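If you read the sequences in order, they're chains A and B.
Quick note: the first sequence uses my numbering, first residue 3, plus one each step.
Quick note: the second sequence uses my numbering, first residue 3, plus one each step.
By construction, these hints were calculated from the structure, which means they are not laboratory data.
Treat the hints with care, since some could be wrong.
It does not matter which identical chain is used: a pair holds within one copy or between any two.
Computed cross-link-like contacts, SDA-like style, restricted to lysine to any residue with a CA-CA straight-line distance of at most 25 Å [stated by the list, open to error]: (1) 215 <-> 59; (2) 329 <-> 267; (3) 218 <-> 66; (4) 308 <-> 120; (5) 150 <-> 93; (6) 218 <-> 341; (7) 218 <-> 65; (8) 173 <-> 293; (9) 218 <-> 59; (10) 94 <-> 292; (11) 26 <-> 234; (12) 94 <-> 291; (13) 211 <-> 17; (14) 296 <-> 97; (15) 150 <-> 289; (16) 173 <-> 33; (17) 215 <-> 58; (18) 211 <-> 60; (19) 218 <-> 60; (20) 117 <-> 301.
Predicted, not measured: the structure shown is a model, and the values here were computed from it.
Protein chains: 2
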Amino acid sequence: MTVINRAIVLDNRPEGEPSTSNFKLVERLLPELADGEVRVRNHFLSLDPYMRGRMNEGKSYAQPQPLGEVMIGGTVGEVVSSKNSHFSVGDKVVGMGGWQEYLQVPAGARGVLQKVDTTHIPLAAYLGAVGMPGVTGWYGLTQIIAPKAGETVVVSAASGAVGGAVGQLAKARGCRAVGIAGGADKCAYVVNELGFDACIDYKAHGDVKSLGKALKEACPAGIDGYFENVGGMILDAVMLRMNAFGRIAFCGMISGYNGEPIPMSAPQLILVSRLKLEGFIVSEHMEVWPQALKELGTMVATGKLKYRETVADGIAAAPEAFLGLLKGRNFGKQLVKLT
Amino acid sequence: MTVINRAIVLDNRPEGEPSTSNFKLVERLLPELADGEVRVRNHFLSLDPYMRGRMNEGKSYAQPQPLGEVMIGGTVGEVVSSKNSHFSVGDKVVGMGGWQEYLQVPAGARGVLQKVDTTHIPLAAYLGAVGMPGVTGWYGLTQIIAPKAGETVVVSAASGAVGGAVGQLAKARGCRAVGIAGGADKCAYVVNELGFDACIDYKAHGDVKSLGKALKEACPAGIDGYFENVGGMILDAVMLRMNAFGRIAFCGMISGYNGEPIPMSAPQLILVSRLKLEGFIVSEHMEVWPQALKELGTMVATGKLKYRETVADGIAAAPEAFLGLLKGRNFGKQLVKLT
Numbered sequence: 003m004t005v006i007n008r009a010i011v012l013d014n015r016p017e018g019e020p021s022t023s024n025f026k027l028v029e030r031l032l033p034e035l036a037d038g039e040v041r042v043r044n045h046f047l048s049l050d051p052y053m054r055g056r057m058n059e060g061k062s063y064a065q066p067q068p069l070g071e072v073m074i075g076g077t078v079g080e081v082v083s084s085k086n087s088h089f090s091v092g093d094k095v096v097g098m099g100g101w102q103e104y105l106q107v108p109a110g111a112r113g114v115l116q117k118v119d120t121t122h123i124p125l126a127a128y129l130g131a132v133g134m135p136g137v138t139g140w141y142g143l144t145q146i147i148a149p150k151a152g153e154t155v156v157v158s159a160a161s162g163a164v165g166g167a168v169g170q171l172a173k174a175r176g177c178r179a180v181g182i183a184g185g186a187d188k189c190a191y192v193v194n195e196l197g198f199d200a201c202i203d204y205k206a207h208g209d210v211k212s213l214g215k216a217l218k219e220a221c222p223a224g225i226d227g228y229f230e231n232v233g234g235m236i237l238d239a240v241m242l243r244m245n246a247f248g249r250i251a252f253c254g255m256i257s258g259y260n261g262e263p264i265p266m267s268a269p270q271l272i273l274v275s276r277l278k279l280e281g282f283i284v285s286e287h288m289e290v291w292p293q294a295l296k297e298l299g300t301m302v303a304t305g306k307l308k309y310r311e312t313v314a315d316g317i318a319a320a321p322e323a324f325l326g327l328l329k330g331r332n333f334g335k336q337l338v339k340l341t
Numbered sequence: 003m004t005v006i007n008r009a010i011v012l013d014n015r016p017e018g019e020p021s022t023s024n025f026k027l028v029e030r031l032l033p034e035l036a037d038g039e040v041r042v043r044n045h046f047l048s049l050d051p052y053m054r055g056r057m058n059e060g061k062s063y064a065q066p067q068p069l070g071e072v073m074i075g076g077t078v079g080e081v082v083s084s085k086n087s088h089f090s091v092g093d094k095v096v097g098m099g100g101w102q103e104y105l106q107v108p109a110g111a112r113g114v115l116q117k118v119d120t121t122h123i124p125l126a127a128y129l130g131a132v133g134m135p136g137v138t139g140w141y142g143l144t145q146i147i148a149p150k151a152g153e154t155v156v157v158s159a160a161s162g163a164v165g166g167a168v169g170q171l172a173k174a175r176g177c178r179a180v181g182i183a184g185g186a187d188k189c190a191y192v193v194n195e196l197g198f199d200a201c202i203d204y205k206a207h208g209d210v211k212s213l214g215k216a217l218k219e220a221c222p223a224g225i226d227g228y229f230e231n232v233g234g235m236i237l238d239a240v241m242l243r244m245n246a247f248g249r250i251a252f253c254g255m256i257s258g259y260n261g262e263p264i265p266m267s268a269p270q271l272i273l274v275s276r277l278k279l280e281g282f283i284v285s286e287h288m289e290v291w292p293q294a295l296k297e298l299g300t301m302v303a304t305g306k307l308k309y310r311e312t313v314a315d316g317i318a319a320a321p322e323a324f325l326g327l328l329k330g331r332n333f334g335k336q337l338v339k340l341t
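Just chain A, with the same shape it has in the complex (with noise of 0.2 Å):
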């Protein structure tokens, strides 16, 4: 039986800002399944900031995406068929599946597809809190900021599925969590429906000045953590407010992705404030998944780890999603439905 997988490429880099022409959809005949291999058919594609480093050619932390292959990814599907011992059809799996409707790979070394229990955690929420976000937001908090109860804990990009993750576990150790978002839409579901403290709308402020003066009244004994998804001028103004020995988790900084220089403005903070500040990239500290995806499967499980997913429909609508994430139109975990 012949099967053909579409897929998205990336066709040529960007100059600057991003683009759906950077982008090219194809359609491939998926070969024989070889022994030792499993055929998955991808259910949900996850959707990161970290792709749009990917993008570039120049030294990042991570290769580039090479040119007219599959776009890298995080993907749940279910084995459809298999010559692999340990994976029977009907497994849900979890993997770097690509942005594809079809993965097909050697399934024996370890971590390529990792087998997924759904019984009481939706398959979608390991691509988001029980998955790569959810682990991002409990390393950086709990291994770099390392609150204290009582502390105060700042992070941006509160609506999304690392920050949301951020605030919720802050929270569950008994610190004040403080979101920041763009929009009041995010922001009211940031503190009613996740259960934040307070959360800042840093749309409606347009320079350091008024972004500190909200940050003053939102932490008003000052802020001890922050876990920094953004950078530019939300970093500065929560570098100025930051108490002494306070912690900084850099795990994104999107507004830096596109080549413009994001200066921070007042490094001497660093020194003033006895600040540490630490960038992570969660890959590289496998050692703590088990013990992070326990804790965020049990808050997913029992409902005390909350989220949202915004879900592009198909594979050929995966550029303009992504384009959106970028943009911060997403709301929640940024998904793309392929099923």
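Put chain B on the given structure of chain A with help from the hints.
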């Protein structure tokens, strides 16, 4: 017997660059020695960059220097009279004696005056290599940079008391030590006398690109640890050459004390290179001083930790010497001889 104490007070705060007119020399009669008090004849005063921060009124990590009061500063000296059973005439002591010829204090509280042994270590060294600057270098290197043998450590202001200690302690740990200093003389000293592997004259490099090229040559395997003493362009150039998981200890940022903004050009490198940046003030970590002083004292006594001093003569010369320090005119530890 009446004793006149000559002292330097802060007369007014600088607007921008400080000048000698910010200071005033005063003569005051010492009061009679009260019970529990000790009178110390200060032999040497230490001049340090942190004092510049104290001259400002604004928010910093420490209280501003009050106007009309004796400038704060570390001193070494000799007890000349005592009404405290723990101190005898002739004892050599280190303390925060200030910019003055005599220190007269209740010596009961722990840490006000510390007796020191000058059998193998010169008295003035307790203000430098075996004092606050030495411990500052030790702390940043061992507690923040924490280098492994074979790694490359860069330190700015390398010919100074802090920087010199950082490089020599790094060498003692099997690292490649690379200094940055101002001028060919200082660089030659850093390499030939202090034993660094290389030293870059930042005055020979007008921009980040040129300095970056010199760093690339001096650090062929990249930079794993950076001890930050100055800020500005040097920080930018070093960050571009940092290896993944590099550590930066922020100790001082001279270029920022006059209130000029000194942005960090590319904070996204914190994420891209997964850097850790940490500011510290050594007086907040008294718990490590005994361990640090033991290593530093042993190295000085055995000739393994070398240093140089620039000594101004007499209390009246202190302001001019301090302004010179801020401009990098000193060569090694800046002291004022008070006897």
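Now for the hints, and whether the structure bears them out:
no.: 1; hint: 215 <-> 59; verdict: between (39 Å within a copy, 22 Å between copies)
no.: 2; hint: 329 <-> 267; verdict: both (23 Å within a copy, 23 Å between copies)
no.: 3; hint: 218 <-> 66; verdict: between (40 Å within a copy, 24 Å between copies)
no.: 4; hint: 308 <-> 120; verdict: within (17 Å within a copy, 65 Å between copies)
no.: 5; hint: 150 <-> 93; verdict: neither (40 Å within a copy, 45 Å between copies)
no.: 6; hint: 218 <-> 341; verdict: neither (47 Å within a copy, 51 Å between copies)
no.: 7; hint: 218 <-> 65; verdict: between (40 Å within a copy, 22 Å between copies)
no.: 8; hint: 173 <-> 293; verdict: within (18 Å within a copy, 39 Å between copies)
no.: 9; hint: 218 <-> 59; verdict: between (40 Å within a copy, 22 Å between copies)
no.: 10; hint: 94 <-> 292; verdict: within (18 Å within a copy, 58 Å between copies)
no.: 11; hint: 26 <-> 234; verdict: neither (32 Å within a copy, 43 Å between copies)
no.: 12; hint: 94 <-> 291; verdict: within (19 Å within a copy, 57 Å between copies)
no.: 13; hint: 211 <-> 17; verdict: between (32 Å within a copy, 23 Å between copies)
no.: 14; hint: 296 <-> 97; verdict: within (18 Å within a copy, 53 Å between copies)
no.: 15; hint: 150 <-> 289; verdict: both (23 Å within a copy, 22 Å between copies)
no.: 16; hint: 173 <-> 33; verdict: neither (49 Å within a copy, 58 Å between copies)
no.: 17; hint: 215 <-> 58; verdict: between (36 Å within a copy, 24 Å between copies)
no.: 18; hint: 211 <-> 60; verdict: between (34 Å within a copy, 17 Å between copies)
no.: 19; hint: 218 <-> 60; verdict: between (38 Å within a copy, 18 Å between copies)
no.: 20; hint: 117 <-> 301; verdict: within (19 Å within a copy, 58 Å between copies)
Figure legend: structure checked against the earlier numbered hints; hints not met, in rising order: 5, 6, 11, 16.
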